[in-house]
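Trainee: Chain by chain, the residues run as shown.
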Amino acid sequence: MAAAALRAQLNALLANMFTTGMVDEQFQQLQSLQEDGGSASGFVAEVATLFIDDADRIIADIAALLDQPVVDFDKVDAHVHQLKGSSSSVGAQKVKLACMHFRQFYEAKSKEGCLMALALVRSEFCDVRNKFQTMMQLEQ
Amino acid sequence: MASSLKALLVEDTAVDRMVLSFMLRKFHCEVILAKNGKEDVDMFLEGNKFDIVVCDKDMPIMTGPEAIKKIRAMGATDVKIVGVSADDNAMEAFMSAGADDFVPKPMRLEVLGPMIQEVINMKNN
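Listed in order, the protein sequences are those of chains H and Z. When you line the first sequence up against this note's numbering, it's residues 1 to 140, in that order. When you line the second sequence up against this note's numbering, it's residues 1001 to 1125, in that order.
There could be a bad hint or two in this list.
Stated by the list, open to error - In the DSBU-like style, the derived pairs of lysine-lysine whose C-alpha atoms are separated by at most 35 Å in a straight line are:
# : chain 1 : residue 1 : chain 2 : residue 2
1 : Z       : 1070      : Z       : 1049
2 : Z       : 1026      : H       : 131
3 : Z       : 1123      : H       : 75
Derived from the structure by calculation, the hints contain no laboratory data.
With the hints as extra help, turn the sequences into a complete structure.
Mentor: Spelled out as structure tokens, the structure:
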């Protein structure tokens, strides 16, 4: 009974992540990769964990770059591009979109714009990180 | 689909390495990993042979297109090279470097599958 309740909670969480646009069909593809492969249980959790650790580091690196008196916008570009890639590969749609929104500000070399864009990226990342962590707890 | 293809995956981002290598193994490829373009080139310099190379664009030390140019210049003209990137403008860089195909990230199974099958067919003919 408890297992059924947890399963229902997990399904509701996943449904919410899709309907709010937090994750997209790429995340669905990762789930189906896990379901199809017999020895692949835990694949989604492993990818989500890797994404969380990676994104945490990248966001911290971007913040450090923007904290410099002279901002290296090329490096900001490289980091945002990397985060866009990994968020797209894991299906974290809102993070990906926030990264795409970021571009106009480092192309314009606007520190203020970049700081606002980073705040959005961080906010979207925190949301999806919390959901991924809850998902992994329910799966255990 | 069963294959005994040897795939070289060139990708600096850990998340993408994990997802792409899982997808390649789904098609029964043996997957060798390289973390940047220089490691990619070194694999070929060491005499390794691959049936397919899946290569990211922007990587430290050496980019994907730079590595592809060097690999083709070394005479590795038979190996299928697929460029992948989250950069929508990456196609030209890859194709002019000598890649056979470009796929925007994220890679999808329904895109990778036919590519793998094409390589199997060519290998069998």
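Trainee: Does residue 1049/Z sit within 35 Å of residue 1070/Z, going by the straight-line distance between their CA atoms?
Mentor: holds (15 Å)
Trainee: What's the verdict on residue 1026/Z and residue 131/H, does the C-alpha distance respect the 35 Å limit or exceed it?
Mentor: Holds, because 27 Å separates the two Cα atoms, which is no more than 35 Å.
Trainee: Within a Cα-Cα threshold of 35 Å, do residue 1123/Z and residue 75/H meet the stated pairing?
Mentor: Given pair residue 1123/Z, residue 75/H is violated - Cα atoms ~42 Å apart, limit 35 Å.
Hint 3 from the earlier list is the only one contradicted by this structure; the remaining hints agree with it.
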